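Please construct the entire structure, taking both the sequences and the accompanying hints into account.
Listed here are the chains, written in short residue letters.
Protein chains: 2
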Amino acid sequence: MTDIAMIEAARARLDGHVRRTPLLSSPFLDEIAGRRVLVKAECLQHTGSFKFRGAWSAVSALAPDVRANGVIAFSSGNHAQGVAYAAKLHGVPSVIIMPADAPRIKIANTRAYGAEVVLYDRINEDRDAIGERLAKERGLTLIKPFDEPLVIAGQGTTGLEIAEDATALGIAKADVLVPTGGGGLISGISLALAARAPGLTVHPAEPQGFDDMTRSLASGKIERNAAQGGSICDAILTPQPGNITFPILSRLSGAGIVVTDDEALHAISLAFNRLKIVVEPGGAAALAAALFHGETLGDTVIAVCSGGNVDPDIFKLALDRFPA
Amino acid sequence: MTDIAMIEAARARLDGHVRRTPLLSSPFLDEIAGRRVLVKAECLQHTGSFKFRGAWSAVSALAPDVRANGVIAFSSGNHAQGVAYAAKLHGVPSVIIMPADAPRIKIANTRAYGAEVVLYDRINEDRDAIGERLAKERGLTLIKPFDEPLVIAGQGTTGLEIAEDATALGIAKADVLVPTGGGGLISGISLALAARAPGLTVHPAEPQGFDDMTRSLASGKIERNAAQGGSICDAILTPQPGNITFPILSRLSGAGIVVTDDEALHAISLAFNRLKIVVEPGGAAALAAALFHGETLGDTVIAVCSGGNVDPDIFKLALDRFPA
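Heads up: the protein sequence lines correspond to chains A and B, in order. Numbering follows the numbering used here, in which position 253 of the first sequence is assigned residue number 262; successive positions increment by one, without gaps. Numbering follows the numbering used here, in which position 185 of the second sequence is assigned residue number 194; successive positions increment by one, without gaps.
Everything labelled a hint here was simulated from the structure, so no lab data went into it. Just so we're clear, the structure is a prediction, and the values are computed from it rather than from any experiment. Accuracy of the hints is not assured; some may be wrong.
[Stated by the list, open to error] What follows is a list of derived Cβ distance ranges for each label pair: (1) 177/B - 74/A: 24 to 34 Å; (2) 227/A - 77/B: 50 to 60 Å; (3) 127/B - 113/A: 51 to 61 Å; (4) 176/B - 176/A: 22 to 32 Å.
Positions of the beta carbon are idealized from the N, C-alpha and C atoms, including for glycine.
Shown next as structure tokens:
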């Protein structure tokens, strides 16, 4: 199980390799939210999302002879790029299993970060079987996207930075909103804050129709989403909370907040205009929650902008629909 | 005259008020440039540009009774917002003289940062006369945009951060490219580097047709631009080098680099895709120089992205013209 010692150990492994991302703010955002809003700009992380932290944590923790065989991951998005780049920087091979209909740019980027991309047909092929065969043949280690203690520990280093920056700003109490899919990032942050800044409470931010974590926290048991797609927040449309992440959040998380796709687009436009950062729809869910659903929150909100890998057409749509 | 002691003193005044901006990088940019490229993301500064540093430096250095009367500045852009916000945070009034045909959003932002905006007719009115009358009537102190030692000292704090971050990365030698209008930012950086990281050499980056500093450095005397407008790099279209900045750069700067508007747009798109930051055309001139005109440069280039206050239409144009 991930604990603060594991997160601190991950931080030591990440040091010098992972970017310490800044806390940004704007008086214009404070005014919209009616409270102080600080933004943890994790979109500025290597590979454009927090996923690089967990990937580095997991890859760097492998025994050198095991790592030398390489790693494998299933992902069409941010986890793919994080694992591919972490493996490349360790000088070991990576195989990423991606659906053949994934966006060309994501396939190209994953390859450019040094991975061997294996495409599969989502209708007619079993990706788990493909992965298992490759892992066995080549001795690859599977890096899971969230339900893996080492990955959670890596994501938790985000929480250590938030705790330190909040303390430096004299903030002892705040709500920390985190875009949530499977729950790896928010679990790690919650563990770090519980140990280092216990007055800071995490809340998941989720897209409408994909509020499995919010409902699971409310009911006390794992709930699934009915839909499988249909939101633009592609990075956080996981079917249900993880078996490892959910118990952590049951213990440490505040209530979830649900945002619409339009609110995520509005947050993207405001982040462009007021913070000068590029945020993807799923990565903007927490900022949208802070700006438009702050009723239940306290005076100070820290919103994690977890990724910036957005298609230019979606970005332009956000700017058009929500001019400054 | 600005020296390292003035820059260090400015830093002490700026501490806790000005953001320490990160150095970003991407293997994709290194590949395009054929060398290591580090980006000083000064677009993430308060008010969206480095101008806030110089404004804070100047406003904070005023005697309290003088400051209480307020400050005045001429600007339609980044200097306006920097001075307005620095004055607001000091709790003193600011008057910004802007052309009546300045973009609505810039006027609105300057007002929102707390300034009294005085509009003038560029054809029929004399802005200097208006400013002089107001300054005299109300006892306002003029904050010049670049030819002012306290402003140069504030911009120089950017150079202290570059020197520290480069040293931490083990970089003893590098070319530091800086978008250049009147030369306040690059002068300050050059003074800081000469004292703290003498192996780092500044170079101005300028738009085609507005390469007054590049030509002045080559000829050894102040040269003017023939054109007054026509580049999209609006933030750095100053008619000629400053009387204070030019002698500093004659002594400390390497040769200038000139970029086209299209290269600036391309750099904006690459900064969006690869760094997840929002850069304005003038602010992207140094990154464009690093990416597309590196022939004369060494193995490591540090490009300052000096501002991010870009019109959404220009930004969309960049993404359309230069897809990833």
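Numbered hints the structure breaks, given as an ascending list: none
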